[in-house]
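Undergrad: Listed here are the chains, written in short residue letters.
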Amino acid sequence: MSKMDKVWAALEDRDLELGPEPAVAAPNPYQHWRLTRDRHDVAWAVLDRHGSSANTLNTAVLVELDAILDRLAESQPKGLVIRSAKRSGFVAGADISEFVELKTAEGVARQIGRAHEVIDRLERLTIPTIAVIHGYALGGGLELALACHTRIAVTGASFGFPEVQLGLHPGLGGVARMTRLIDPIEAMSAMLTGRTIHDRKAKALGLVDAIVPERHVLAAVEAAVSGKLHGARSSVSNRLKESAPARNLAARQMRAQAEAKAPHAHYPAPFALIDLWEKHGGDFEAMKRAEIGSFAELLVSETSRNLVRVFFLREKMKKAAGKPPTIAHVHVIGAGAMGGDIAAWCAWKGLTVTLGDVDPKPIGGAIRRAAALYEKIGHKDGIKVRDALDRLIPDVNGEGIARADLVIEAAPEKAELKAKIYAAVEPRMKPGAVLATNTSSIPLQKLAETLQRPERFVGLHFFNPVSKMQLVEVVRHDRLDAEVEAFARGFTGLIDRLPAPAKSAPGFIVNRALTPYLAEALILMDEGVAPEVIDKAAEMFGMPVGPIELADQVGLDVALAVADSLKRDLGWAIPDAPDWLRKKVADGHLGRKTGQGLYVWRDGEAVKAKTGGPSPYLADRLVLPMLNACVAILREGVAADEDTVDGAMIFGSGFAPFRGGPMHYAHARGPAEIRARLVALAEAHGERFAPDAGWAALDETVGG
Amino acid sequence: MSEAPGRAVYIVDGARTPFIKARNAPGPFTPVDLAVQCGRPLLLRQPFEPDAFDQVILGCVNAIAEEQNPGRVAALRLGCGPQMVAFTVAINCGSGMQSIDTAYNYIKLGQSDLILAGGAESLSHAPLVFSQDMVKWLGALSGAKGLVDRAKVASTFRPDFLKPIIGLEKGLTDPIVALNMGQTAEVVAHLFDLSREDGDAYAVESHKRLARAQAEGWLKGEVEPAFAKDGQVYDHDDGVRPDSSLERLAKLRPVFEPPYGKVTAGNSSQITDGASWVILASEEAVKRHGLAPLARLVDSQWSALDPSIMGLGPTLCATELLKRRSLKLQDIDLWELNEAFAHQVLSCLAAWKDEDFCKRVLGLPGAAGEIDPERLNVDGGAISLGHPVGASGNRIVLHAINAMKRLKLKTGIATECIGGGQGGAMLLEMV
Numbered sequence: 001m002s003k004m005d006k007v008w009a010a011l012e013d014r015d016l017e018l019g020p021e022p023a024v025a026a027p028n029p030y031q032h033w034r035l036t037r038d039r040h041d042v043a044w045a046v047l048d049r050h051g052s053s054a055n056t057l058n059t060a061v062l063v064e065l066d067a068i069l070d071r072l073a074e075s076q077p078k079g080l081v082i083r084s085a086k087r088s089g090f091v092a093g094a095d096i097s098e099f100v101e102l103k104t105a106e107g108v109a110r111q112i113g114r115a116h117e118v119i120d121r122l123e124r125l126t127i128p129t130i131a132v133i134h135g136y137a138l139g140g141g142l143e144l145a146l147a148c149h150t151r152i153a154v155t156g157a158s159f160g161f162p163e164v165q166l167g168l169h170p171g172l173g174g175v176a177r178m179t180r181l182i183d184p185i186e187a188m189s190a191m192l193t194g195r196t197i198h199d200r201k202a203k204a205l206g207l208v209d210a211i212v213p214e215r216h217v218l219a220a221v222e223a224a225v226s227g228k229l230h231g232a233r234s235s236v237s238n239r240l241k242e243s244a245p246a247r248n249l250a251a252r253q254m255r256a257q258a259e260a261k262a263p264h265a266h267y268p269a270p271f272a273l274i275d276l277w278e279k280h281g282g283d284f285e286a287m288k289r290a291e292i293g294s295f296a297e298l299l300v301s302e303t304s305r306n307l308v309r310v311f312f313l314r315e316k317m318k319k320a321a322g323k324p325p326t327i328a329h330v331h332v333i334g335a336g337a338m339g340g341d342i343a344a345w346c347a348w349k350g351l352t353v354t355l356g357d358v359d360p361k362p363i364g365g366a367i368r369r370a371a372a373l374y375e376k377i378g379h380k381d382g383i384k385v386r387d388a389l390d391r392l393i394p395d396v397n398g399e400g401i402a403r404a405d406l407v408i409e410a411a412p413e414k415a416e417l418k419a420k421i422y423a424a425v426e427p428r429m430k431p432g433a434v435l436a437t438n439t440s441s442i443p444l445q446k447l448a449e450t451l452q453r454p455e456r457f458v459g460l461h462f463f464n465p466v467s468k469m470q471l472v473e474v475v476r477h478d479r480l481d482a483e484v485e486a487f488a489r490g491f492t493g494l495i496d497r498l499p500a501p502a503k504s505a506p507g508f509i510v511n512r513a514l515t516p517y518l519a520e521a522l523i524l525m526d527e528g529v530a531p532e533v534i535d536k537a538a539e540m541f542g543m544p545v546g547p548i549e550l551a552d553q554v555g556l557d558v559a560l561a562v563a564d565s566l567k568r569d570l571g572w573a574i575p576d577a578p579d580w581l582r583k584k585v586a587d588g589h590l591g592r593k594t595g596q597g598l599y600v601w602r603d604g605e606a607v608k609a610k611t612g613g614p615s616p617y618l619a620d621r622l623v624l625p626m627l628n629a630c631v632a633i634l635r636e637g638v639a640a641d642e643d644t645v646d647g648a649m650i651f652g653s654g655f656a657p658f659r660g661g662p663m664h665y666a667h668a669r670g671p672a673e674i675r676a677r678l679v680a681l682a683e684a685h686g687e688r689f690a691p692d693a694g695w696a697a698l699d700e701t702v703g704g
Numbered sequence: 001m002s003e004a005p006g007r008a009v010y011i012v013d014g015a016r017t018p019f020i021k022a023r024n025a026p027g028p029f030t031p032v033d034l035a036v037q038c039g040r041p042l043l044l045r046q047p048f049e050p051d052a053f054d055q056v057i058l059g060c061v062n063a064i065a066e067e068q069n070p071g072r073v074a075a076l077r078l079g080c081g082p083q084m085v086a087f088t089v090a091i092n093c094g095s096g097m098q099s100i101d102t103a104y105n106y107i108k109l110g111q112s113d114l115i116l117a118g119g120a121e122s123l124s125h126a127p128l129v130f131s132q133d134m135v136k137w138l139g140a141l142s143g144a145k146g147l148v149d150r151a152k153v154a155s156t157f158r159p160d161f162l163k164p165i166i167g168l169e170k171g172l173t174d175p176i177v178a179l180n181m182g183q184t185a186e187v188v189a190h191l192f193d194l195s196r197e198d199g200d201a202y203a204v205e206s207h208k209r210l211a212r213a214q215a216e217g218w219l220k221g222e223v224e225p226a227f228a229k230d231g232q233v234y235d236h237d238d239g240v241r242p243d244s245s246l247e248r249l250a251k252l253r254p255v256f257e258p259p260y261g262k263v264t265a266g267n268s269s270q271i272t273d274g275a276s277w278v279i280l281a282s283e284e285a286v287k288r289h290g291l292a293p294l295a296r297l298v299d300s301q302w303s304a305l306d307p308s309i310m311g312l313g314p315t316l317c318a319t320e321l322l323k324r325r326s327l328k329l330q331d332i333d334l335w336e337l338n339e340a341f342a343h344q345v346l347s348c349l350a351a352w353k354d355e356d357f358c359k360r361v362l363g364l365p366g367a368a369g370e371i372d373p374e375r376l377n378v379d380g381g382a383i384s385l386g387h388p389v390g391a392s393g394n395r396i397v398l399h400a401i402n403a404m405k406r407l408k409l410k411t412g413i414a415t416e417c418i419g420g421g422q423g424g425a426m427l428l429e430m431v
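Top line first, the protein sequences correspond to chains A and B. As numbered in our numbering, the first sequence has no gaps in its residue numbers, which increase by one up to the final residue, 704. As numbered in our numbering, the second sequence has no gaps in its residue numbers, which increase by one up to the final residue, 431.
Derived by calculation from the structure, the hints in this document are not laboratory data. Built from N, CA and C at the ideal position, the CB exists for glycine as well. It cannot be assumed that every hint is accurate.
[To be verified] Reference excerpt, derived from the structure (chain B facing chain A, CB under 8 angstroms, subset only):
| # | residue |
| --- | --- |
| 1 | V36 |
| 2 | R40 |
| 3 | P41 |
| 4 | L44 |
| 5 | P82 |
| 6 | E222 |
| 7 | P225 |
| 8 | F227 |
| 9 | K229 |
| 10 | D230 |
| 11 | Q232 |
| 12 | V233 |
So here's chain A without its partners, still in its complex pose (with noise of 0.2 angstroms):
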């Protein structure tokens, strides 16, 4: 059922439980947090950051807190009640922008001594204290839940420590109070990895004590207050857990684990945590003032500061995609991969979605990949799997196109092919409606030539898989009205994913910069070395997966079509692709998709040889020169700025993230150093290493 109810619309706000209304005549002595007593005499901290749709701490918030813990000894109530009155959430974590000031680790542990002072505060009250939570309790803010003797999860309430992602570990207590709640194997999971862990997970982990619908948070809070509502508590165990004996075997296995993820080289802040645990688990002072320690080191080094701007980044993308337009219906031409995946993916998201093909079966195996990965991505949640396949409708005769606001085509890339499909198409839609391609080869004032309304024409280019990808290139051409432009950004905002805006020019900004990466990669494997070898470099590098095994995810037909237009549209100089591949495509070894391609395939991952490590050397012949092509896209404005392309390149190719980007990556190593790389890889192996003109304007600007 997507469409709301009007008689529940009237009467939603009445569900929210925030204890009594403050009195109107008083003024609120604080900025960010309501303070009430109810007929109980349980005092009710009400956090509601003002200025922001989320809750998350900062210093004053905290210091706000300290006030309310001063006001509450004056005049003692029977129990204290901490929530949110954000409809989104509890709160989502600290204020990261108050990090990104902070330069020594010296400095960071003073600013979070202050704040552990406030949380230990809390935590010593006598009185029962309750975290009553709904939404998302993530980072700081899960650490400020545990700090409350009890924790009441409303339906749905979901939480974390993704503080690993920013290269960090949770540094307010969260280690120890964690650890110290629950299994501590589970805790250190928890945190190791970041994930999200649903209600029910919770409640089963004793992370949170009783999960009640929002009707029931009042008389969950005065059974709190009264003592009748008991959480589990931490068993003998996990206690056993905490010798010194079983956590130096566990910590040995958490490492391993990590490393064969993450490289400590390259992510440190696992191991500092596992380091946590491993040394003071069970004795929780010790614990916590080492987290604070441990903290402010990963704080300031190269690797968190990195990710956090790759956290920025992504926040600087979504506020781009401006705000969300009134799409109801979207309607997708090709069921094939891309076309199937980026409608299972609206519908998902709540859009209704028509699939339209020429051919019913294609259709079906977009169903099927959809079904598969909703019960993946939908945590158990049959109503929510069930409506979003009711909401991705097959559509043969496509019908959905005359109500859709937006079309999207995703048909093979053949221009006639697709002329003839939007001469059929474009007389349909409605007059508002918008057609985009998901093209990613094909020049989209090309495209536009043959349509009747070449300003509603955009490009949305989505990547693979497209329910982990998290960017669309939103591609422009000179025809294009701007509105159509910011429409198709919104709507990339609205399915929750990130636009890159671009310029329609030859494999536009991911496809452009990675395709050198690709094809270099081929030609070493044409001068014998091992693919393994070339993976293993890039990986050392920080890719997620090396280019053999990318283009084979990607698929060998592909690849080359884009290789191909690729030389011929920007006149390259790489070297034709070799007859052997072109042999492999034509015998359709395709990839991961057929089975077998550079590699062979078996469920899903490639077999891949023993290898020694590679030189050094293979990795800068890999590298610089997609650092080459980013450059040349800058100047030539296929982006408009560094950021873009280095959201771009992280969000759609997965880019090193901990280099923050491969501009902010030219950046720290120097422009000129690099250039003179290239300059000497031109000279050993052909002019395709020939450095952009684009590094003069970046050697001129700050280096670093």
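Knowing the structure of chain A, use the given hints to seat chain B on it.
TA: Just chain B now, kept in the frame of chain A:
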């Protein structure tokens, strides 16, 4: 044709799922899943939004526990909005037609203007039922207090408690006369002196006609493909056997009354899953939304008789419709007479030719005469398509309209026999 009192009621469009043969395991779709599968493409091609209906009415006999009032569940899942009034009707094999009749009356009386009326049935999902003994034992066990008591109750368990009763078999057995539906077909076959071969020949023709309609693309637009979660696409009625022949059918053993019976699996309707919808509209709704009516629903009639001869139901209600408008059997251009059993269809035809039956039962001055086989079930029926009981009555109305459109005919009747001893009929006139 003379006017029934009240406003004109039009059928403007309709669609159904392929009828999917049950294959000894629950199929991919529940009744509501089926209703959603064909409802979505139908609503997609309308010029109005799904919340424009005044009501949604669905016929369904075997609602499953997770989908009580499947009509409302379907309406919500089809995006008709939380304000949509929706209910479910059941009169066994006539349920999908009962939904149309209910909608017809609401519109005729001026209470509604636009109604979605359908039928859905997932016979492959009909439940396995525990025996009463098992239910009692489970009840006693959960009521027992203390270990000793529980052990005592537990010890009374007997393995035959576990023998499941197939809900479908129960559902297809008449509780009043204790005859299975197939047995009622044996009864009428006997009363009208029909042979095994008569039934088999009829069944062969049903398959040939459906196969031809499928090959010619005559079901396009009526049958919308259904997409299962596992990616399988169901795009045609899969019970059809184009190679059906008298020789093949002759090999089958009578299933309901061996060894002497005439009714076999081959000349009976198939156990099948399916759903069907039609959209009914008043003159006003037609104007408001710019709809193109296909047919006018002129009149409807329900009749009843002894459950053991339920197969004759159509003769009663259809004759009643004709008499009200002083029409003869032969004035009807096209007939859809649901093929519950070949012998049951043939016994209806025989009854209309039977002077004694027509005089004494139907109140006609003499034999009603013959229905030209070329005007009856022209594209096959439940024997080749299957008979998802709650959906069939809807399908025959929809198909009568589509077939008349193709054949450029004017007047049609859709009628069915109904388990429990009833019959339903609708008189349609093309616009």
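Undergrad: Could you tell me which of the numbered hints above are not met by this structure, giving the numbers in increasing order?
TA: 6
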